[in-house]
Amino acid sequence: MGSIAATAVVHPNVSLGEDVTIEDFCIVGVPFQGWAGEATFIGSGAVIRSHTVIYAGNRIGRGFQTGHKVNVRELNVIGDDVSIGTHSIVEHHVTIGNRVRIHSQAFVPEFSVLEDEAWLGPNVVLTNARYPREPGVKDRLEGPVVRRNAKVGANATLLPGVVVGADALVGAGSVVTRDVPERAIVAGNPARPIGTVHY
Amino acid sequence: MGSIAATAVVHPNVSLGEDVTIEDFCIVGVPFQGWAGEATFIGSGAVIRSHTVIYAGNRIGRGFQTGHKVNVRELNVIGDDVSIGTHSIVEHHVTIGNRVRIHSQAFVPEFSVLEDEAWLGPNVVLTNARYPREPGVKDRLEGPVVRRNAKVGANATLLPGVVVGADALVGAGSVVTRDVPERAIVAGNPARPIGTVHY
Amino acid sequence: MGSIAATAVVHPNVSLGEDVTIEDFCIVGVPFQGWAGEATFIGSGAVIRSHTVIYAGNRIGRGFQTGHKVNVRELNVIGDDVSIGTHSIVEHHVTIGNRVRIHSQAFVPEFSVLEDEAWLGPNVVLTNARYPREPGVKDRLEGPVVRRNAKVGANATLLPGVVVGADALVGAGSVVTRDVPERAIVAGNPARPIGTVHY
Numbered sequence: 001m002g003s004i005a006a007t008a009v010v011h012p013n014v015s016l017g018e019d020v021t022i023e024d025f026c027i028v029g030v031p032f033q034g035w036a037g038e039a040t041f042i043g044s045g046a047v048i049r050s051h052t053v054i055y056a057g058n059r060i061g062r063g064f065q066t067g068h069k070v071n072v073r074e075l076n077v078i079g080d081d082v083s084i085g086t087h088s089i090v091e092h093h094v095t096i097g098n099r100v101r102i103h104s105q106a107f108v109p110e111f112s113v114l115e116d117e118a119w120l121g122p123n124v125v126l127t128n129a130r131y132p133r134e135p136g137v138k139d140r141l142e143g144p145v146v147r148r149n150a151k152v153g154a155n156a157t158l159l160p161g162v163v164v165g166a167d168a169l170v171g172a173g174s175v176v177t178r179d180v181p182e183r184a185i186v187a188g189n190p191a192r193p194i195g196t197v198h199y
Numbered sequence: 200m201g202s203i204a205a206t207a208v209v210h211p212n213v214s215l216g217e218d219v220t221i222e223d224f225c226i227v228g229v230p231f232q233g234w235a236g237e238a239t240f241i242g243s244g245a246v247i248r249s250h251t252v253i254y255a256g257n258r259i260g261r262g263f264q265t266g267h268k269v270n271v272r273e274l275n276v277i278g279d280d281v282s283i284g285t286h287s288i289v290e291h292h293v294t295i296g297n298r299v300r301i302h303s304q305a306f307v308p309e310f311s312v313l314e315d316e317a318w319l320g321p322n323v324v325l326t327n328a329r330y331p332r333e334p335g336v337k338d339r340l341e342g343p344v345v346r347r348n349a350k351v352g353a354n355a356t357l358l359p360g361v362v363v364g365a366d367a368l369v370g371a372g373s374v375v376t377r378d379v380p381e382r383a384i385v386a387g388n389p390a391r392p393i394g395t396v397h398y
Numbered sequence: 399m400g401s402i403a404a405t406a407v408v409h410p411n412v413s414l415g416e417d418v419t420i421e422d423f424c425i426v427g428v429p430f431q432g433w434a435g436e437a438t439f440i441g442s443g444a445v446i447r448s449h450t451v452i453y454a455g456n457r458i459g460r461g462f463q464t465g466h467k468v469n470v471r472e473l474n475v476i477g478d479d480v481s482i483g484t485h486s487i488v489e490h491h492v493t494i495g496n497r498v499r500i501h502s503q504a505f506v507p508e509f510s511v512l513e514d515e516a517w518l519g520p521n522v523v524l525t526n527a528r529y530p531r532e533p534g535v536k537d538r539l540e541g542p543v544v545r546r547n548a549k550v551g552a553n554a555t556l557l558p559g560v561v562v563g564a565d566a567l568v569g570a571g572s573v574v575t576r577d578v579p580e581r582a583i584v585a586g587n588p589a590r591p592i593g594t595v596h597y
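Residue numbers (the numbering used here), protein chains in the order written: chain L, 1 to 199; chain D, 200 to 398; chain S, 399 to 597.
It cannot be assumed that every hint is accurate.
[Claimed, not checked] Beta-carbon label-pair distances, calculated as ranges:
| # | chain 1 | residue 1 | chain 2 | residue 2 | range |
| --- | --- | --- | --- | --- | --- |
| 1 | D | Gly201 | L | Gly2 | 30 to 38 angstroms |
| 2 | L | Glu18 | D | Arg332 | 25 to 33 angstroms |
| 3 | D | Gly335 | L | Arg130 | 34 to 42 angstroms |
Source of the hints: derived by calculation from the structure; they are not laboratory data.
Backbone N, C-alpha and C define an ideal beta-carbon position, used for all residues, glycine too.
Just chain L, same shape as in the assembly (with noise of 0.2 angstroms):
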């Protein structure tokens, strides 16, 4: 029951499983530079809402659905049941495991690793470059680790290569400078521990 609109933009090499819905004004499997023919595998019962942009040479599970005007760059591997908000970023070589929640305008960058359940909030920033720009930054990205069932709350910062420890809870607005224990709570800038999750 899937549908993929007359207006929607979709590249070859791009493999869809049944009932997937692709929403006016989309591109999919758009390739990258040094694109070499890599397939875009999407899984059964994908929903792509309308002005969403994905690039060639991703592998995403079933039950993905992305929100409005999302954009998600190539090689990505992510798992079963993900949710994408409206607005937000995932670029490159990013690994997101399943049932991961990504709310609205957020930002990903390369090499960030999601595992299951992790749950980004509004407006949240990871970041992957300690002194961008510096000559050779693009060797050392280093993409933070959001641990299983950790949730990163609205328009908080993850620094560079930083680890939510599993079941953590990082406050709205924070900025986060260093690891994260499984289970801490904390929030501020620099966020300081302020609690533990219990449940």
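Guided by the hints, dock chains D and S onto chain L, whose structure is given.
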């Protein structure tokens, strides 16, 4: 003298006032999950700029303006002379008074209330879920309230349920964790009082 | 070898250099309020990615690149080899030097100045109105100045009129309320000096 671009998609059951302009690549009246035919009203003089998406069931007053690529979900009540800037998102069940201005890239979640003349700066993020993903969280959402003529500075974050008092001013980049009294000026993370508005 | 997509809208009085690519669902040369026929120049080698909107009256150098869904208002002067990332917004009367990079989801308001090699990270927000909505505010806008080779980290906020000195580095998530000296490293809310750039 309004006009509807040839590429714009206008769904059934959308009622437009006089002189409404809908630019290219917009989608207006998008049916939502559980949609039972609720109409969408957009008052006279509206300008809906390109790539904007507005769901069904909204009741929007006269003189409505959107920037480009705005996203408005369903069942909101929006007053007269409201402007929502480029890339901003208004979720569902939001109440917006008259002459409210939401600047660019802002996020306004479900159950938020913005009273007359409220002003949200660019990238302002309101939140409504204290414990994201907790069981039953959707029954306990608390939208912030921004009272009459209050201003929330750029990139500020409001925690769930926070009330920003009338005429108050929230400094840019603040993280507001408690209610802000009428006419207070607050700033910082967490935001603290730094003065009073005298005008 | 450039190309203009069939779905792109290019308004009259747009002058394109050689090898310019304009992707699907873009709109280039949008007339602004009070437009008196000012031309739009985009230099050779530009790549304007999908869903991008560029208003009339811009003078843009060679090698211009946009991400997807970028928004550039009218009457800006933009140098050579400038890149503006996905979802970023540049308002009007902005001056941008050569080799400037604006990353994703950034906001650059009216009267901002970005000198050569300046770098803005993802979600960086510049501001220009000290007292939003005050009478006469539009006559007193003060855009920030980001000097040569300065870098502003992800999700940082610059207050109106702030000057970030040459080669300086603003830490991610900072709220910059005062001028930043040349080569200084600042961080926090409000941002304070934490070191000096040595390279």
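Evaluated hints:
{"no.": "1", "hint": "Gly201/D <-> Gly2/L: 30 to 38 angstroms", "verdict": "34 angstroms, holds"}
{"no.": "2", "hint": "Glu18/L <-> Arg332/D: 25 to 33 angstroms", "verdict": "28 angstroms, holds"}
{"no.": "3", "hint": "Gly335/D <-> Arg130/L: 34 to 42 angstroms", "verdict": "40 angstroms, holds"}
Checked against the numbered hints given earlier, this structure breaks none of them.
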